[in-house]
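> From first to last, the protein sequence lines are chains A and B.
Residue 1573 in my numbering sits at position 241 of the first sequence, with consecutive numbering throughout.
Residue 1391 in my numbering sits at position 59 of the second sequence, with consecutive numbering throughout.
Keep in mind that the hints are not guaranteed to be accurate.
Identical chains blur together in the list; that is why a pair holds if it fits in one copy or across any two.
[Unchecked claim] Taking lysine to aspartate or glutamate and the DMTMM-like style, the derived pairs with C-alpha atoms no more than 20 Å apart in a straight line are:
hint, residue 1, residue 2
1, K1359, D1416
2, K1509, D1549
3, K1509, D1479
4, K1509, E1548
5, K1509, E1393
6, K1359, D1495
7, K1426, E1511
8, K1354, D1394
9, K1359, D1418
None of these hints come from the bench; they were simulated from the model.
Protein chains: 2
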Amino acid sequence: MNLKTGETRRDRQRAATVAEIKAAARKLLLEGGASAVGLRAVARELGLSAPALYRYFGSHEDLISALIADLYDELTDTLIALRDGDPEADLGGKLFLIAGGLRDWALAHPAEFGLLFGAPVPNPLAGDHDLTPGHQAAMRFGAVFKDLVAQVYRQQPFPHPSDEALGAELVAQLQQKSEFFDGMPAGAVYLSLTYWTRLYGLICMEVFGQLHWALEDAGAYFQAQLFEIGEALGLDCPLPE
Amino acid sequence: MNLKTGETRRDRQRAATVAEIKAAARKLLLEGGASAVGLRAVARELGLSAPALYRYFGSHEDLISALIADLYDELTDTLIALRDGDPEADLGGKLFLIAGGLRDWALAHPAEFGLLFGAPVPNPLAGDHDLTPGHQAAMRFGAVFKDLVAQVYRQQPFPHPSDEALGAELVAQLQQKSEFFDGMPAGAVYLSLTYWTRLYGLICMEVFGQLHWALEDAGAYFQAQLFEIGEALGLDCPLPE
DNA sequence: CGTTAACTGTTAACGGTGTTCACTCCGGCG
DNA sequence: CGCCGGAGTGAACACCGTTAACAGTTAACG
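Use the sequences and the hints to build the structure in full.
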């Protein structure tokens, strides 16, 4: 059976167990936050001994990394579904959809969001050009936004700051990423980066509770900010209310 | 001596020990990140037994909270010194100074920054109107920015979005904070919030390594963004380079 | 088919953590 | 002086990630 892949019964069993482990880890993460997903806790969740998990993951950190990669993938799929769900929406509308979708996901899964986008600060280690599956999944996630912005620009180039306004040093760095951004000029890459930076900052602030002192419900503020950013990208946005 | 406060010799000794403990915690935080500042590690650092620390802090979390409050205070002092250090600078210049100062501090102390502004996510507990010293210190910190923006507006009101553009719900929330913002109208409060949100997001992204994929050195990008935000606040900013 | 090797799981143990308890000091107060 | 209370101790508990030595099962190969 399936001689091509050489997939044996044990391989399938193993894959199933790995999935079970990650599912248990997700459950613990959802219920008790990041600190609740421990090696022993996961093992306990599926009636195993803690050392048994070492047959599937090299360490606790490896498990967490795999979990992060999965979460990235799931979030990416959610956003893609949102992007392609409404065939009536134009490119700008899709941009609004996935921005709102990211915020909704972050608010619904704060612990998961913190794991993905919070501080990997304790690791200012040697220059590791991360090729981990987690990093790749993060790239796949970011590409959803990047590609959409690039499509918007391709369809109707939005006005962007001139090279002189940005300064030579910044332009040099931006032009390095021009190819990655579908050949967009530095100013347009700059605006794309601004879009992402503001969106990220907005959601971080809200999820991390850094906005409570000013706003009870940041929903309206988020919409207004999104409107501003959309304007900068030359989109005609729906006025609030 | 000092009968008013009833400050006895033991009280002074105690305060000194508390300071020593927090100093050791800071050292560990600086050297090994947030995870390195453990109860036993701190005790080890000053030749004490772990349980001894319970005479000074009710728990490990209490120690961390006290540390956070101290860090907030220190950061606040740093920014205030920066603000008042150059008597030549006008209000807008001061705003640029403290924004850059915050970024510099964050980059120089990433672990500390993560502790202050990173995810307190795991605690979505009951509605606790935080009156902890940490929260108060955070307010004192935020006020440095808030007051400066309010002074800028007072000196020369910057153009701000109209109530209609913001939407009724958002305006209602903003007006609730009008008094806190020196009587500024909703649109101006909105712009102040935008200033802070963008600054925070920018620094978070850089410190948390969320910008590495796009920019090696985010310094120029930061300056350009600061310039944009300053423009929105009606400041005449120095063009880069 | 039988043998062998690899895989999955176990228990025991090590060093680490935060925390509590019972106990000893000793300085300052009435 | 007597004594209370604060400071500090070591032992212990329950948890954590991780390793080692061992047993049962399953797949692969001659």
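> Compare the structure with each hint and give your call.
Here's how the hints hold up against the structure:
1. In this homomeric assembly, K1359 and D1416 never come within 20 Å of each other (Cα to Cα): the closest approach is 28 Å inside a single copy and 51 Å across copies.
2. Taking the shortest Cα distances, K1509 and D1549 sit within 20 Å of each other only across copies (13 Å), while inside one copy they are farther apart (37 Å).
3. In this homomeric assembly, K1509 and D1479 come within 20 Å of each other (Cα to Cα) only inside a single copy, at 13 Å, whereas the closest approach across copies is 39 Å.
4. In this homomeric assembly, K1509 and E1548 come within 20 Å of each other (Cα to Cα) only across copies, at 11 Å, whereas the closest approach inside a single copy is 39 Å.
5. Taking the shortest alpha-carbon separations for K1509 and E1393, neither the intra-copy value of 32 Å nor the inter-copy value of 43 Å comes in at or below 20 Å.
6. Taking identical chains as interchangeable, the C-alpha atoms of K1359 and D1495 are never at most 20 Å apart, the minima being 49 Å within one chain and 44 Å between chains.
7. In this assembly of identical chains, the alpha carbons of K1426 and E1511 never lie at most 20 Å apart, being 23 Å within a copy and 38 Å across copies at closest.
8. For the identical chains of this complex, K1354 and D1394 are intra-copy neighbours only, at 11 Å inside a copy versus 33 Å across copies, given an alpha-carbon limit of 20 Å.
9. In this homomeric assembly, K1359 and D1418 never come within 20 Å of each other (Cα to Cα): the closest approach is 31 Å inside a single copy and 54 Å across copies.
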